[in-house]
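S.K.: Each chain, written out:
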Amino acid sequence: MEALIELRNVGKWYAAGRPVVQQVDLAVYRGQGLAIRGRNGSGKTTLLKLIAGITRPSAGAVRRAPELTVGYAPERFPPVRFRAEEYLAHLGRIRRIPKPELERRIQELMDLFQLHAAGPITHFSKGMTQKVNLMQAVLARPDVLVLDEPLSGLDADSQADFARLLVKFKQEGAAIVMTGHEPGFENAWADRTVVIRYGRLEELQERGAGAAAQAETSDWICNQWGVN
Amino acid sequence: MFPRLVSYLLAVFLRSHRYFPPLLVFLLGLMLLYTARPNPVMGSYAASSVLLYFVSAWIGTGFCGAIGEAQEHIAAVHTGSVRKYLIGKTMAVFACGLLLSLAALIYPVAAGSFDERVRAGEWLTALLAHVELAVLGGLAALILSQPVIRKGSLSAAMLLLVLILSIARDGILKEIGGGFAPLFIPLPPVAPVVDRLINPDADLSMQNAAVWIWPLVYGGVLYVLYLRLAEKKM
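Sequences listed follow chains Y and A, in order. Going by my numbering, the first sequence opens with residue 1, and the numbers climb by one from there. Going by my numbering, the second sequence opens with residue 229, and the numbers climb by one from there.
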C-alpha cells in the first residue's frame, strides 16, 4: 500500500511544557481510513495538525508524498462574514481550481449538504457552520482528508450523507484521518484505529476487510443511522 | 496563488470591520495634522510617517485577530504550506501599509496644505520613509501577535512598548546617556528615519545612506525571524 504521509518518531511540545505528542510512528495509506481515538487533551488535535502539515514536529520527521494535497476541518470552525459560496470560492481560487469546475463543485457540495441559506456564515446555526467546515475540507478532492471531530452539530441525515461521501472518497483512493467519539460512525469508514494516550500511540486495531467492505454499502450506512 | 490569498485575507479583514478604528485614527490624524496652513513639507511628512508606523502596527494586529487561529490553519492547508500562507499574510499587511503611505503623501499635496511646492526628491524621500515605517510597524505587530505570542494582553503591551521606545529612542538616550544606545539596537530603527525627515540637510554622507538602508536590512531580518517563529509556533 502506498504511504502518503509517514510520521517517524515524531514529538511535539510547546514552550517548556510537557510533550503533547511523543515518539509517534504512523503511516497514512492511500485509500485507507484511519481513526484516532483518545480522551480529551490526549494529543489528538496536535497529531492531526502534524499529519495535515499545519504544525512542525519538535522531534522526528514527517515525510509526505510529492504533490500531496490535504483537506483539513478543525474541531471548531470560527464563522467568517462570507456567504458559504463566497467563502468556498475564495478557498477554491487559492487552490487554483478553474472557475467553471469550482462553481460546479460548490453547487455539488451545496446540494449534497443541503445548504441553501443565503446569509453570511456568522448567521448560521452550529450544524450549518459545521457543514461549511466539512465542505471546505473536501472542496478540492484532496489526497488526504484530515477531520477533527467532524460530526459535531450535524443531524442524523447529514451524518449519513457525510459517511457516504467518506466512503466514496476512499473508493476514489483518498486517505481519511479522523478523530471522533462515535464508534458506530467509525465502523462505517475506518480500516484502522489508533488510540492516543498522553501523547503516545498505545493501541492499534486493524479491521478485517469485512468491515470496510460493509462500509462501502450505502444501505448499511442508512441502516446504521435509521435514515432513508 | 499569492494574489488570490492576499485578496482573500484582505476580504476577511475588511468584512471583520477591524480596519475601521485604525483607518479612522489615520484619517483624523492626517486631517488634524494639516488643519493649520501652511505646513513645512518634510516636517509634516515626518509626523505622518510616525502616525503611519502606529496605524500599520494596529492593522497588523487587526489582521491576526480578524482571521483567527482555526481559519489560519484552514487557509494554510489550502495554500499548500504554512510558510506560503505567512508570506501571503505579510503581503496583505504590507499592501495596506503601501496604500496608506500613498494616501499620507498625496493628501496634503491634493489639499494644498504645504507652504511650498514638493520637490521630486522630497517626495521620494518621504515615500521611502513612509513605506519603511509602515513595513516596520506591520512586522512588529505580526511578530508580537499570534501564533508567536498567543496571549492578547501580553502581545498588546509588548507592541505598545516597542512602538513607543523605538520612536522616543533619541529623547530617552538624551536623558539616560548615550552609553545605553546598544540597548535600543534590537528595536525597529524608526527614530533615525524620522530625524532625517525633520533635518533633511543635516548630513549627506554615508551615514545618511545607512539611515535609509538599515531599516530595510532590519526589516529583512525581522521578516525571516517572523517566518521561522510563526512556523514553529503554529
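It is worth saying that the hints were derived from the structure and are not from the lab. The C-beta atom is built at its ideal place from N, Cα and C for all residues, glycine as well. Check before you lean on any hint, since a few could be wrong.
[Stated by the list, open to error] Restraint ranges, calculated between C-beta atoms of paired labels, are given here:
1. H181/Y - I404/A: 57 to 63 angstroms
2. E67/Y - K461/A: 23 to 29 angstroms
3. A396/A - R63/Y: 48 to 54 angstroms
4. G448/A - T122/Y: 21 to 27 angstroms
5. A396/A - R104/Y: 38 to 44 angstroms
[To be verified] Looking from chain Y toward chain A, a few residues come up when the C-beta cut is under 8 angstroms (computed):
6. A52
7. T55
8. R56
9. V70
10. P78
11. V80
12. R83
13. H90
14. R95
15. I97
16. K99
17. G119
18. F124
19. Q136
S.K.: Taking the closest Cβ pair, is R83/Y under 8 angstroms from chain A?
M.R.: Hint violated; R83/Y Cβ to chain A Cβ min 11 angstroms, cut 8 angstroms.
S.K.: Should the hint that I97/Y touches chain A count as held when the rule is a Cβ pair under 8 angstroms?
M.R.: violated, 10 angstroms
S.K.: Take the shortest C-beta to C-beta distance between G119/Y and chain A; is it under 8 angstroms?
M.R.: violated, 13 angstroms
S.K.: In this structure, is the beta-carbon distance linking H181/Y and I404/A contained in 57 to 63 angstroms?
M.R.: Since H181/Y and I404/A have Cβ atoms about 59 angstroms apart, the given range 57 to 63 angstroms holds.
S.K.: Given R56/Y was flagged as interface, is its beta-carbon under 8 angstroms from a beta-carbon of chain A?
M.R.: This interface hint holds because 6 angstroms falls under the 8 angstroms limit.
S.K.: Using Cβ atoms only, decide whether R95/Y comes closer than 8 angstroms to chain A, and label the hint accordingly.
M.R.: Holds, about 6 angstroms.
S.K.: Given A52/Y as an interface hint, is its Cβ closer than 8 angstroms to any Cβ of chain A?
M.R.: A52/Y check passes; min Cβ-Cβ to chain A is 6 angstroms, inside 8 angstroms.
S.K.: Evaluate the given range 38 to 44 angstroms for the C-beta pair formed by A396/A and R104/Y.
M.R.: violated, 58 angstroms
S.K.: For the hint on V80/Y, does the least C-beta distance to chain A fall short of 8 angstroms?
M.R.: holds, 6 angstroms
S.K.: Would you settle whether the hint for V70/Y is holds or violated, based on the nearest Cβ-Cβ distance to chain A being less than 8 angstroms?
M.R.: holds, 6 angstroms
S.K.: Given a hinted range of 21 to 27 angstroms, is it respected by the beta-carbon distance of G448/A and T122/Y?
M.R.: violated, 38 angstroms
S.K.: Please verify that hint: P78/Y, Cβ, nearest Cβ of chain A, below 8 angstroms or not.
M.R.: holds, 5 angstroms
Violated hints, in rising order: 4, 5, 12, 15, 16, 17 and 18; the structure is consistent with all others.
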